[in-house]
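Engineer: Protein sequence lines correspond, in order, to chains A and B.
For what it's worth, our numbering labels the leading residue of the first sequence as 1, then goes sequentially.
For what it's worth, our numbering labels the leading residue of the second sequence as 1, then goes sequentially.
Everything labelled a hint here was simulated from the structure, so no lab data went into it.
None of the values given here were measured: they were computed from a predicted structure.
Ideal Cβ positions, reconstructed from N, Cα and C, are used throughout, including at glycine.
There's no promise every hint is true.
Unchecked claim - Beyond 10 Å from chain A on every Cβ pair, some chain B residues (computed):
1) Pro-61
2) Phe-104
3) Leu-181
What the hints assert, rightly or not - Each pair of labels, with its calculated beta carbon distance range:
4) Leu-88/B / Leu-290/A: 30 to 38 Å
5) Met-167/B / Leu-197/A: 43 to 51 Å
6) Ala-90/B / Cys-134/A: 49 to 57 Å
7) Asn-217/B / Cys-134/A: 50 to 58 Å
8) Val-3/B / Arg-212/A: 15 to 23 Å
9) Trp-163/A / Gln-281/B: 56 to 64 Å
10) Arg-212/A / Val-261/B: 45 to 53 Å
11) Asn-205/A / Thr-258/B: 27 to 35 Å
12) Thr-258/B / Phe-293/A: 43 to 51 Å
13) Leu-84/A / Gly-117/B: 23 to 31 Å
14) Ile-259/B / Ile-96/A: 35 to 43 Å
15) Gly-147/B / Leu-197/A: 58 to 66 Å
16) Thr-132/A / Asn-217/B: 16 to 24 Å
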Amino acid sequence: MTAMRRDLLLCGLFAAAALAWPMVSGLRYSVTQTTFFFIWATVVVQWNLVFGISGIFSLAQVALFAIGAYVTAMLGYYLGTSMLLAMPAGAVVAVIASIALGLACLRLYGPYVALLTLCVSQVLYVLIVNDTDCFTHPPAGCMPLMGGVRGFSRFGDLGFRDWLGSGFYIGNYYVGLALLTAAILFSILIIHSPMGLAFRALRDNPVYAAARGVDRFRYQLWIFGLSAFFTGLAGAFYAVNTGVVGPVVFSFPHLLFLLSMIVVGGVGTVWGPVIGAVVLMVADELMRELGDFRDIGMGLILVGCVVLMPKGLSGLFQSLSARLAGPAASAAEKAK
Amino acid sequence: MDVLFQIIASGLTLGAVYAISTVGLALVFGAMSMLNMSHGALMALGGYMAWFTLTGLGLPPALGVLVAVGVCAAVGALIYLLIARPMLGAEGFETRIFIATIGFGAVMESAILMAFGPQPKPQPLAVQGGIGLGGVHLPVQNLLILGLSMALMLALGLFLQKSRIGMAIRATAQNRDAARLMGVRIGGVYALVLAISGGLAAISGITVSSLSSLLPNMGGDPMLKAFIICVVAGLGRVPGSVVAALFIGLFEAAVQYTIGVRFSFALLLLLVIVVLIWKPQGVFGRHQGVRL
Chain A
1 MTAMRRDLLL CGLFAAAALA WPMVSGLRYS VTQTTFFFIW ATVVVQWNLV FGISGIFSLA
61 QVALFAIGAY VTAMLGYYLG TSMLLAMPAG AVVAVIASIA LGLACLRLYG PYVALLTLCV
121 SQVLYVLIVN DTDCFTHPPA GCMPLMGGVR GFSRFGDLGF RDWLGSGFYI GNYYVGLALL
181 TAAILFSILI IHSPMGLAFR ALRDNPVYAA ARGVDRFRYQ LWIFGLSAFF TGLAGAFYAV
241 NTGVVGPVVF SFPHLLFLLS MIVVGGVGTV WGPVIGAVVL MVADELMREL GDFRDIGMGL
301 ILVGCVVLMP KGLSGLFQSL SARLAGPAAS AAEKAK
Chain B
1 MDVLFQIIAS GLTLGAVYAI STVGLALVFG AMSMLNMSHG ALMALGGYMA WFTLTGLGLP
61 PALGVLVAVG VCAAVGALIY LLIARPMLGA EGFETRIFIA TIGFGAVMES AILMAFGPQP
121 KPQPLAVQGG IGLGGVHLPV QNLLILGLSM ALMLALGLFL QKSRIGMAIR ATAQNRDAAR
181 LMGVRIGGVY ALVLAISGGL AAISGITVSS LSSLLPNMGG DPMLKAFIIC VVAGLGRVPG
241 SVVAALFIGL FEAAVQYTIG VRFSFALLLL LVIVVLIWKP QGVFGRHQGV RL
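Isolated chain A, as found in the complex (with noise of 0.2 Å):
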């Protein structure tokens, strides 16, 4: 079984496994906090093909999640438009902004990228926070054009409401399974197809694969654009689920928790993500209690994965695995 097969396989058990779940855990709760674990996920999974998988330390993820759910919020609120129209808008919007970015910053390397697409989202914020010229005046008072502090509500939904009832939540749970098997299909398309091979060749023999025609700029402008799609998909379909759009999708906690996603699941995996997006979801859940400590806990596991587990959970089954299978093999070589 080649590589592509077992992962397209996984996906399909992971598929049917999800689709069965609204129906075996009744709990309302559980069935709404695994919708936003599939939002993350495929954030993540996404953020890992531009991290992961071409190299490029870009920190923008999360503003072009951003963007998509800004974009389909203002649509849905200024324009009235069905979010069936407003969710593809605002994932083509983050398709263009995240090109713009890359012809801006991908000339550079490492941590001048980071620092550089960290900033952007940061200004992003202060503009948004930072904006108390009213736009319109609706009835609860005055409207900046961005929402300013307290966003945008009431911009429309899926319809789910009117034909599920008080069980739209299981129309918003299977949409965003959609989303979820879709991205980490792309995922996999892209890391087996010959753009994913391209990469593997910059990585492993950076000179040889320029003397082949291998252009690592053209290669990376490409897998940041289409990296975002989903990305902005992601964040349109949060502003429908949750109903609210605020700057706090911008914010630096925000941001450090999907990172975190990546780092404790394993960099540059096809699975690192979405294992790390359950793991932290449920650190998250078992924190609640905590308060204050939450934050605190966040941190030290993003610090102790960093120091102590380089290559994430994923990396941490392979060497294990490795090393189960070891012996093993060395046994079957005396028997011959």
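Put chain B on the given structure of chain A with help from the hints.
Structural biologist: Just chain B, lined up with the frame of chain A:
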């Protein structure tokens, strides 16, 4: 004309505040190619330690500052021992240390939040009063900051140029392996550099909070600006970053007076992007040939 002087006066003060932070960051990056993302939290820690020793313990100001600097320097050395040392020389050090210090900074910030609460506090080290010079109002605090910053930069420059330890730091920054072969204890240099950077962060935190007020997340914005200045100057260029800090301070003050405070950060970023497209290594950065 008065407006121009006012802009220059407040711009130089801003620049002086940024310079203290920027030099600390540049020193660390130059010596060990490490971007310390917990610098902002160190600044907050320094500011709060000064507040705590002066208001809480009633120590004299000079001693309070000394305690704040000492604590932050110790935390800086701790960052080396706990986080940087285990991954030194490993693959992807620059990325990993960046992420790890983000996490450490978050931990420190939350700890400060829990210890001192979310309400803004006044920095007791602020000096009241001002000098009128023609039509220009110059607060004593700003002059003090400018003088302090320049004295610190001068002292640091002399230390790096003249002392044996300063020479070891510069040697490590230029060529790690050659320095090690010459008998420089690299680990000690790294710990020292991070401690110096921590101490500078404390002073920077005290000056920043004396101009506004103490908040647990007060370091975030100045740290990002300090990084921007580092990038404009070329990462790791210590003297260049002082010049760049003063320039950026003037630029920011000019934007704040003419266009509005809200856009100063955005325009600053735009400036950086233009600089980086024009000179990807920074204005003072040397082009380094990358050997593959």
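Engineer: For a quick check of understanding: which of the numbered hints are violated here, in increasing order?
Structural biologist: As far as the earlier hints go, 2, 7, 8, 11, 13 and 14 are violated by this structure, in ascending order.
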